[in-house]
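Starting from the structure of chain A, add chain B where the hints point.
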Amino acid sequence: QKEVEQNSGPLSVPEGAIASLNCTYSDRGSQSFFWYRQYSGKSPELIMSIYSNGDKEDGRFTAQLNKASQYVSLLIRDSQPSDSATYLCAVNTPGFQKLVFGTGTRLLVSP
Amino acid sequence: GAGVSQSPRYKVAKRGQDVALRCDPISGHVSLFWYQQALGQGPEFLTYFQNEAQLDKSGLPSDRFFAERPEGSVSTLKIQRTQQEDSAVYLCASSFDRRSSYNEQFFGPGTRLTVL
Numbered sequence: 001q002k003e004v005e006q007n008s009g010p011l012s013v014p015e016g017a018i019a020s021l022n023c024t025y026s027d028r029g030s031q032s033f034f035w036y037r038q039y040s041g042k043s044p045e046l047i048m049s050i051y052s053n054g055d056k057e058d059g060r061f062t063a064q065l066n067k068a069s070q071y072v073s074l075l076i077r078d079s080q081p082s083d084s085a086t087y088l089c090a091v092n093t094p095g096f097q098k099l100v101f102g103t104g105t106r107l108l109v110s111p
Numbered sequence: 001g002a003g004v005s006q007s008p009r010y011k012v013a014k015r016g017q018d019v020a021l022r023c024d025p026i027s028g029h030v031s032l033f034w035y036q037q038a039l040g041q042g043p044e045f046l047t048y049f050q051n052e053a054q055l056d057k058s059g060l061p062s063d064r065f066f067a068e069r070p071e072g073s074v075s076t077l078k079i080q081r082t083q084q085e086d087s088a089v090y091l092c093a094s095s096f097d098r099r100s101s102y103n104e105q106f107f108g109p110g111t112r113l114t115v116l
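Listed in order, the protein sequences are those of chains A and B. Reminder that position 11 of the first sequence reads as 11 in my numbering, one-by-one numbering, no gaps. Reminder that position 89 of the second sequence reads as 89 in my numbering, one-by-one numbering, no gaps.
Bear in mind the hints are in silico, worked out from the structure with no lab data behind them. Every value quoted in this text rests on a predicted model; they were computed, and no experiment measured them. Any given hint could be a false lead.
Stated by the list, open to error - Calculated lysine-lysine pairs in the PhoX-like style (CA-CA distance at most 25 Å, straight line):
no. : chain 1 : residue 1 : chain 2 : residue 2
1   : B       : K57       : B       : K78
2   : B       : K11       : B       : K78
3   : A       : K42       : B       : K11
4   : A       : K56       : A       : K67
5   : B       : K57       : B       : K11
6   : B       : K14       : B       : K78
7   : A       : K67       : A       : K2
8   : B       : K57       : A       : K2
9   : B       : K78       : A       : K42
What the hints assert, rightly or not - Which chain A residues stay away from chain B? Per the calculated CB distances, all over 12 Å, these:
no. : residue
10  : V4
11  : L11
12  : P14
13  : T24
14  : N53
15  : D55
16  : R60
17  : F61
18  : T62
19  : R77
20  : T103
21  : V109
C-beta: ideal position from N, C-alpha, C; glycine also.
Pulled out of the complex, with its shape left as it was, chain B reads as follows:
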């Protein structure tokens, strides 16, 4: 079956440009997560949606980061006025079960963002 898909797979942006990263979760999955992974580190949580509701955005590093999931399916992570420190792999994950105790999350292939 189809897994989580993300696009683009690679994005190069000049400092100050805006970027939009797309995530298409596994069909039927209620929960969607965005993580940021720097080289040599584990993924770091950014934000979480349950259907269309953004229930946790505590991990977004600044107000330049914005995420949405307007119809409860596809999600977009937008980064405004990109900075070099935004260079990382952005991972999207989805989960079927909304109960936190059984929250198996499945990751997409990621988008590697490089800010020059």
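Just chain A, with the same shape it has in the complex:
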């Protein structure tokens, strides 16, 4: 079992819809969770971080964390074609500074 799992997609949504991206992780001790956006040929860009159970909202983005179920999700409201990218879920475990990444979910937003 991979430490961080994501559906590779592509996830296709029409413009204006809500895109829902999911991620599960295996280490119950994980405490920090991050979503990065990566455009083709570019490096990962941090868009959300979440540390506590529940929801965290930032503009059109909402990160959701459920430690009991070991999943973290990212909702993108009013999706735009410019949101088309690969979204990487990353997890950090206490005692280790490194981030462990999933393989990413490719999101396609059609006009």
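Same frame as chain A, but now just chain B:
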């Protein structure tokens, strides 16, 4: 403000050559990380520095890979006797907070290494 910078952005090497990749972190950031990203995959951890100390090198794939950060700022990742399987994008990230629970890492643009 200035972000993480990396050079060169692209590097083509013949198999067996040595290469050196440079990373200049965000000013004041204590922690520096190197990751390797293969096509279609997420970044994979290579090594981590806190100031000049290399605290974790568990991800370095072989003894051909060596990293240093002698003055606690700029870092160099060196790959000796490059092999075709070393072809990847090498990403550098830096983080201000040394506490692992609040470890927001910011990435540079990466160096795309192609080994022929």
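Now the hints, each set against the structure:
1. B:K57 to B:K78: 13 Å, holds
2. B:K11 to B:K78: Satisfied, since the Cα-Cα distance of roughly 13 Å is no more than 25 Å.
3. A:K42 to B:K11: Measuring from Cα to Cα gives roughly 16 Å; hence the hint holds.
4. A:K56 to A:K67: 14 Å, holds
5. B:K57 to B:K11: 23 Å, holds
6. B:K14 to B:K78: 15 Å, holds
7. A:K67 to A:K2: 17 Å, holds
8. B:K57 to A:K2: Judged against 25 Å, a Cα distance of about 21 Å means the pair holds.
9. B:K78 to A:K42: 22 Å, holds
10. V4: Answer for V4 (chain A): violated, closest chain B Cβ roughly 8 Å.
11. L11: At roughly 16 Å from the nearest Cβ of chain B, L11 (chain A) sits farther out than 12 Å, so the non-interface label holds.
12. P14: 25 Å, holds
13. T24: 14 Å, holds
14. N53: 14 Å, holds
15. D55: 19 Å, holds
16. R60: 20 Å, holds
17. F61: The assertion about F61 (chain A) holds, with a minimum of 15 Å to chain B.
18. T62: The claim stands: T62 (chain A) keeps its Cβ more than 12 Å from every Cβ of chain B (closest is about 18 Å).
19. R77: Given a closest Cβ separation of 23 Å, the condition holds.
20. T103: About 5 Å separates T103 (chain A) from the closest Cβ of chain B, which leaves it inside 12 Å; violated.
21. V109: The assertion about V109 (chain A) holds, with a minimum of 20 Å to chain B.
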